[in-house]
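Peer 1: What follows is the residue order along each chain.
There are 8 protein chains.
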Amino acid sequence: MSSFDHWIREVLEKLAAGKLDVAGALSELKDLPYEDIGFAKLDHHRSLRGGFPEVVLGTGKTPGQVAAIVERLAAKNTNVLVTRATPEQAAAAVAAVPDAVYDEISRCLRVVKQTIEPIGKGPVLILCAGTADLPVAEEAAITAELMGNRVERLFDVGVAGIHRLFGSLDKIRRAAVLIVVAGMEGALPSVVGGLTDRPVIAVPTSAGYGASFGGVAALLGMLNSCVGGAVTVNIDNGFGAAYAATRINRLSGD
Amino acid sequence: MSSFDHWIREVLEKLAAGKLDVAGALSELKDLPYEDIGFAKLDHHRSLRGGFPEVVLGTGKTPGQVAAIVERLAAKNTNVLVTRATPEQAAAAVAAVPDAVYDEISRCLRVVKQTIEPIGKGPVLILCAGTADLPVAEEAAITAELMGNRVERLFDVGVAGIHRLFGSLDKIRRAAVLIVVAGMEGALPSVVGGLTDRPVIAVPTSAGYGASFGGVAALLGMLNSCVGGAVTVNIDNGFGAAYAATRINRLSGD
Amino acid sequence: MSSFDHWIREVLEKLAAGKLDVAGALSELKDLPYEDIGFAKLDHHRSLRGGFPEVVLGTGKTPGQVAAIVERLAAKNTNVLVTRATPEQAAAAVAAVPDAVYDEISRCLRVVKQTIEPIGKGPVLILCAGTADLPVAEEAAITAELMGNRVERLFDVGVAGIHRLFGSLDKIRRAAVLIVVAGMEGALPSVVGGLTDRPVIAVPTSAGYGASFGGVAALLGMLNSCVGGAVTVNIDNGFGAAYAATRINRLSGD
Amino acid sequence: MSSFDHWIREVLEKLAAGKLDVAGALSELKDLPYEDIGFAKLDHHRSLRGGFPEVVLGTGKTPGQVAAIVERLAAKNTNVLVTRATPEQAAAAVAAVPDAVYDEISRCLRVVKQTIEPIGKGPVLILCAGTADLPVAEEAAITAELMGNRVERLFDVGVAGIHRLFGSLDKIRRAAVLIVVAGMEGALPSVVGGLTDRPVIAVPTSAGYGASFGGVAALLGMLNSCVGGAVTVNIDNGFGAAYAATRINRLSGD
Amino acid sequence: MSSFDHWIREVLEKLAAGKLDVAGALSELKDLPYEDIGFAKLDHHRSLRGGFPEVVLGTGKTPGQVAAIVERLAAKNTNVLVTRATPEQAAAAVAAVPDAVYDEISRCLRVVKQTIEPIGKGPVLILCAGTADLPVAEEAAITAELMGNRVERLFDVGVAGIHRLFGSLDKIRRAAVLIVVAGMEGALPSVVGGLTDRPVIAVPTSAGYGASFGGVAALLGMLNSCVGGAVTVNIDNGFGAAYAATRINRLSGD
Amino acid sequence: MSSFDHWIREVLEKLAAGKLDVAGALSELKDLPYEDIGFAKLDHHRSLRGGFPEVVLGTGKTPGQVAAIVERLAAKNTNVLVTRATPEQAAAAVAAVPDAVYDEISRCLRVVKQTIEPIGKGPVLILCAGTADLPVAEEAAITAELMGNRVERLFDVGVAGIHRLFGSLDKIRRAAVLIVVAGMEGALPSVVGGLTDRPVIAVPTSAGYGASFGGVAALLGMLNSCVGGAVTVNIDNGFGAAYAATRINRLSGD
Amino acid sequence: MSSFDHWIREVLEKLAAGKLDVAGALSELKDLPYEDIGFAKLDHHRSLRGGFPEVVLGTGKTPGQVAAIVERLAAKNTNVLVTRATPEQAAAAVAAVPDAVYDEISRCLRVVKQTIEPIGKGPVLILCAGTADLPVAEEAAITAELMGNRVERLFDVGVAGIHRLFGSLDKIRRAAVLIVVAGMEGALPSVVGGLTDRPVIAVPTSAGYGASFGGVAALLGMLNSCVGGAVTVNIDNGFGAAYAATRINRLSGD
Amino acid sequence: MSSFDHWIREVLEKLAAGKLDVAGALSELKDLPYEDIGFAKLDHHRSLRGGFPEVVLGTGKTPGQVAAIVERLAAKNTNVLVTRATPEQAAAAVAAVPDAVYDEISRCLRVVKQTIEPIGKGPVLILCAGTADLPVAEEAAITAELMGNRVERLFDVGVAGIHRLFGSLDKIRRAAVLIVVAGMEGALPSVVGGLTDRPVIAVPTSAGYGASFGGVAALLGMLNSCVGGAVTVNIDNGFGAAYAATRINRLSGD
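Protein sequence lines, in the order shown, are assigned to chains A, B, C, D, E, F, G and H.
Mapping of the first sequence onto my numbering: position 69 corresponds to residue 69, and the numbering continues sequentially without gaps.
Mapping of the second sequence onto my numbering: position 87 corresponds to residue 87, and the numbering continues sequentially without gaps.
Mapping of the third sequence onto my numbering: position 56 corresponds to residue 56, and the numbering continues sequentially without gaps.
Mapping of the fourth sequence onto my numbering: position 7 corresponds to residue 7, and the numbering continues sequentially without gaps.
Mapping of the fifth sequence onto my numbering: position 70 corresponds to residue 70, and the numbering continues sequentially without gaps.
Mapping of the sixth sequence onto my numbering: position 136 corresponds to residue 136, and the numbering continues sequentially without gaps.
Mapping of the seventh sequence onto my numbering: position 123 corresponds to residue 123, and the numbering continues sequentially without gaps.
Mapping of the eighth sequence onto my numbering: position 191 corresponds to residue 191, and the numbering continues sequentially without gaps.
Watch out, some of these pointers could steer you wrong.
Derived lysine-lysine pairs resembling DSS-like cross-links, with alpha carbons at most 27 Å apart [claimed, not checked]:
1) 121(C) to 121(D)
2) 14(C) to 14(A)
3) 76(E) to 113(E)
4) 14(G) to 14(F)
5) 121(C) to 14(A)
6) 76(A) to 113(A)
7) 61(D) to 19(D)
8) 171(E) to 121(F)
9) 19(A) to 14(C)
10) 121(G) to 121(H)
11) 121(A) to 19(B)
12) 19(B) to 19(H)
13) 14(H) to 14(B)
14) 171(D) to 121(D)
15) 171(A) to 121(B)
These are calculated hints, taken from the structure and not from any lab test.
Full structure from sequences and hints, please.
Peer 2: Here is the structure:
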């Protein structure tokens, strides 16, 4: 029996036992369609679980808004991650919350208030093809760390110089989940996917010019990957890739 | 020390010990760049492991070619999966290998010669939005089963009638991995992804017309999903989704 | 108080009054998250209301499947509309349900078992630009009729011969809702929208060739219409336009 | 008989009665093709009717031009709405017309000189999926209010946290017309459309990044919505959605 | 004074003179908004003028429908052009109207009942790049002839063998209007446009494969032509190009 | 016999008559492939003819470069037109050539050194749909004037208020060539093309937002125009439309 | 002095010497603009050179037309290559020219009448990623052979199983020119380009489904290749790649 | 025997001869999978060969980063090429390395420390269509020079004034490799490719506006070129074209 059924039964038993009148029972049940059928449990589960961070998207907010949000969350002792934070947003947030830390490359702003509970069966390996892919790769790495994964990095291993990739076969083989970040033709996930049978998450980046069309070439390359079982996220979505890796890694460690 | 280093050392020691001359050692090493740095191991790993199937893409092959391939693989006692097999290909294959089984909806042709070793921490749940998505959903389901996953199905639960989805919350909550198949606007993965914190793989289908552009609308919807941590595969790629789910589920059970 | 609250209260009161034990109350409530928070009410509302039809999409079904569905629904005395029905599907359905009626132009198959309750404040006017748009316009017209609207038609009034449109200004002015169907450049809704202040629904069609891109040119034209307050549906979606018109017209008559 | 026929008859009768000579009759009739066949009537109808605003698009105008237009219209005691007004345009307009009011989020500038005549059968409900959709949602809300609708708001109810939507079912059920604003995958209208049988207008927004392609993903999602009867407007077109809602709501109240 | 004013004056004068009563005058004027403000004059002008053909688009019509239309028009002694006629449509039409002539390459079906009045200052020259462009080039040529132009042809003069083009400089120089038909990269109009200062109409064709995208490459090439003053029509629209050439040539000869 | 043949014959006859030796004849002929087969004649024709302007594209040039080019051309007494000139380029040019005139709306910079020879059979009429199309319409108007056409303007006559267009039917009817400029859905050329049988050149503009895709919607609308014989130029290409109109108008007056 | 100058001089000298009169000289020179300025030399060069084939595109021709062309060319002892020939075209051609040879996979039809003169510095290596790319790879191989190149093949070496590629490093290293054929994500040229410093020509194929968009994904991948100096041809254009390789290889051997 | 086999044999022979123990042999072999199977040889080959430059992409780097990289490479006496360098990056680099040379048009920054070894059979000819293509053409020219090619330029020879191209036929005929740079419709490579049988590399540029779509029109034009054997690189990729030309030219001179 689900905990939801269990909870309803308790209310009903209290009513049947006279410990609650109809108005009281109704009052307890009335939020039910949205509060109690398990959705909220999930939400609480998230925020209560070992420092899992609250995530804020910086885009479209003023520095003052970002600072205010970070301050409020930090005051609740919640870990916070602001993605796509501008230097101006970061400066405002750090002024308000001195232990906020900003990473210029990934544009991630972090506040760690609670110990991050480690998860998963093994490390999440972040690979990227070129230096232009670094911001997205670092966004994935920082996000994955904040969500409890052990993170390893293997950067600048593009397929045109494939020997560099082979120098790190051991890293590839021991990873539990692999996040492969690449712009331009987006070929790296196919090569990496052939070297491991662990889950591979491909992240196209907007690095490139001309017919890269802001990452579309890499995205299509990854969606059409000839390696079985690779999956893809949106262009430049390092955060989403790390979140997916966390879902996968947490499952393996549950 | 990696098994690769170990293997080279053995050859060198035999040479140093005079058990092998230079020509013999060279001969053993000469395939090394491709045979021995671990790639082949992966391949064997796959085919040797509990009935993991050989997969053949039916598209572009004649019925005779499909029959011949299936016959040859079946003779090696390998489990076989032919995807996107036409009825003509299936008929030829069944004539050649009587225990081949064809599923018209998913266009999957299977031969099971070895017991399939069960994997993973829990079931893979396949959801689909409408009846037009059934072929892709079934391709995912049959592939996942052949790869050792326990599979559950939850079909025809589109977001326009969201109460049908909520009638099966328990199924959603107990799944280890979820494959969500949808055409048209591709909204189902976002809703499902908010109901579980397990890995969610979205599969856009080409079901639809007009501005669905053969599945592009669903694909874009899934790539832009507002739910954190959903990942996407190519349009109509039920096979790839199942393979990804297998990578994830196997990790959790390793 | 909503009817939902009312219904829960009744169950609780029966429990409090001993007319129901906890198991019985739980049993009544257990379907609640999906059955009783109002979704189902909507569905019943639809099918119970004056002959509102069950709608079946013909695409992708075999003639036998269509015939079976139509037969089953007709046996329940429900009005039925099959859209995009092929002649083969229609023949099978008519063989099974002799009072099924097929319209070749719109590819609509209808069975009318209940009197259609008239709705709305005025007629729904269907305009179309050219003869190539007729199938979509007729799908809209037949759908709107089956849903209870009074329907008027004004066909072959493309903007290149704008005087034909002006010959029917009275029809335009008296319509409660206007559905404007056009392929090619899709200019008609802009002109019509300037002649009335009633709701205008634009339907792009795939009629055309070359740079019409299967209706994309018309779709973009309609989305960018310079007339305020026109709305658009998917390419060739005569059914959807009629359904939207019904929602609008029913509101006005409620 | 239409008022147009009536008007011609009057001229002819005056001529037949000798109250007008041929030259005078011709002079009265000569503007007829454009002035008198009903077009102008529509225009007057609009501006004369209960404070219906004159609408000015700010884009591409200088602050001075906007200020001058607003001043001229306000001097005629007309209600004015400037959409997509920049802060600079707004400052210039407020300097010229002190009772002009600017809303930074929606970039709407308003002057209300006449009482706004209430219209319609019920409220127009504006829903939006995320905070990034607020500017478009507010443009719709302010426009709808200026056009006489009663407006309710239900913001930040994205499908990934669907329980928030269900907490406001009553609001959804009592709305006469619903405007659903969403970026990214644009899934919200499908879910909302399944919860009501009133008209639903979907507004895609350009919120998002990467494969959202400036709102194309949301637009395609909405055009392909699996819910029957939803209609769509151009990306970020909150104004157009509100205008369409006004056409619908006014019809119901006529 | 326009003939329209003249016509109204006549009616008014008859009324003033008592030769017509108000009802009669009204009856004559009542069709005025669409019949008499000049539109119809244009239409009559067309059909009355020296054999200018009625044009019928074959696409989407049954052979019987085409035959019936051709028969009806031919019975009125009108010249007829059916474009995009299938062989089946042509056979049916010829059976009904024995002097109908079908051209398999261009898929044009013609009936000439009236002498075609020659127009224009000089010949219309039709150029095409390759043999795959012939159907479109011939559609343009036959249309232009039926509309009264003298037509010259210069086929198979693609830019990769530019010497062939230069062998016919005289033809190019004496043409009044040039229609340049090309698929693939669509470069021919730019070269031709540099060799004449007469009007040049570019027609992209769908000839090609792969990244020609059904004529999009040629269309874009032509729209971006570096030669000043070239204009473009839709892909494969030989008819439209000939019609435009006729408008131009007729102007020069008026 | 062409003038080219004539010219070769003269050289040969001089050689045969001994007035020229082989080396001299060869020297005269050696430039032949590019200088003398008529290309250069065309170029001279252009620049010598009644003040036909030299045209310079401002885009991508520095103010100093523009000023230097204008100064050099003006010194040769040539009329000059700089299109897409920035205010900075214009200021530099005016400083160098005081009789240079800049138009801010169209971004055209002109120097008129020679009397412009009037051409053509009648006026070129420039129509535009909305105020946002003005820059392109004015570029067309100014270019057409500089090339010798008499120009009339009919602005702000969008199809949503079609009565404004009908108030100027006389202007439309007397134009020799019509240039119709429109953004958004680009419907105006279809309506105008139905009101005249003179050549119609459609110019899409990038005015609009969202699904106008920088003018693509208008471009597609115009390419798919349902009116026969309209032709199209590139997005925002007012200059090209005027050049094409000049080719047409000059032909009619030759 | 070019052979062109030489040829003119000969004519002039004959004229000066009285061996030719002016009419005769003019007659010899009159084809000059197109025949003699070197273009034709190129053409002759091609057809005269060691069996270089005449190439015919089968698409859009009837079997009879193909047979007639092949027969006529073979009668002139020319080598012939028909690309994209259907089986029906091939059957007709073989019936007419018994030594014509058809290859079903590549759809190439060949007639070899002259010995093919070998060219180039080394072999042209054709690589392809998967069996679905075979038709294009074979078209390239057969074309390259007919044009005189020595051809080697390395098929089914996709990047997901990169060890297969490394088993043939010697083949890759000794190739003069490499043609790399791949569909889906088109990653193979990047990997191959990193293993050689010889010219690499990438050929995208339409193999794939869904978001491969008929080869667009592979095309974009190749255009964005991270390896320096790879070049690309149109989708499925095996012929063009072989022709380019021939231009390169012939240069090296000249 | 390949040099790779040779190298392994040497290690093995030293081990067999006792000149090396197993640990020493293993140590020499252990980097083998990535260092010694020939990849590195290629890299060294490049940098050691006659001044072949190290290439750095300026995009996305700070001026300080560029200066530091250039300084480090120059200190190793390597020739350096920074492409797409901004003026700020260039200023910083020149301050650090005074013999660095910056070209503003191409945005190339060069340091030449070693004599550049000439390569190839003949000159590389760079053609471009218009002045807007100059930056890309110059990037190609400077790159080609730095890589050892003799470079000739033929600029501003667009197809609309084709006589300019023919004035330089000799340059075209003597080139070993041709790089043809063009924006807008990209027609130049087709014309040039018909005038030579040497390798032709087409480079589309983003010059243009409207429907040039940032170079897509030119790219498609080039991919669809009707001339056999032309190849294409990414939009604006002058560097890649020069690199490809170098691969080709070096092959011919090897």
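Peer 1: Taking the hints in turn, state whether each one holds.
Peer 2: Tested hints:
1. 121(C) to 121(D): 13 Å, holds
2. 14(C) to 14(A): 14 Å, holds
3. 76(E) to 113(E): 9 Å, holds
4. 14(G) to 14(F): 14 Å, holds
5. 121(C) to 14(A): Roughly 52 Å between the alpha carbons, so the hint for residue 121(C) and residue 14(A) is violated.
6. 76(A) to 113(A): Given that 27 Å is the threshold and the Cα spacing comes to 9 Å, the pair holds.
7. 61(D) to 19(D): This hinted pair is violated, its Cα atoms lying about 49 Å apart.
8. 171(E) to 121(F): The hint holds at about 25 Å.
9. 19(A) to 14(C): Between residue 19(A) and residue 14(C) the Cα gap is close to 16 Å, so the pair holds against 27 Å.
10. 121(G) to 121(H): Holds: residue 121(G) and residue 121(H) sit about 13 Å apart, inside 27 Å.
11. 121(A) to 19(B): Not satisfied, since the Cα-Cα distance of roughly 43 Å exceeds 27 Å.
12. 19(B) to 19(H): Distance ~17 Å between residue 19(B) and residue 19(H) Cα, so the pair holds.
13. 14(H) to 14(B): Holds, at about 14 Å.
14. 171(D) to 121(D): 15 Å, holds
15. 171(A) to 121(B): At roughly 25 Å apart (the allowed maximum being 27 Å), residue 121(B) and residue 171(A) satisfy the hint.
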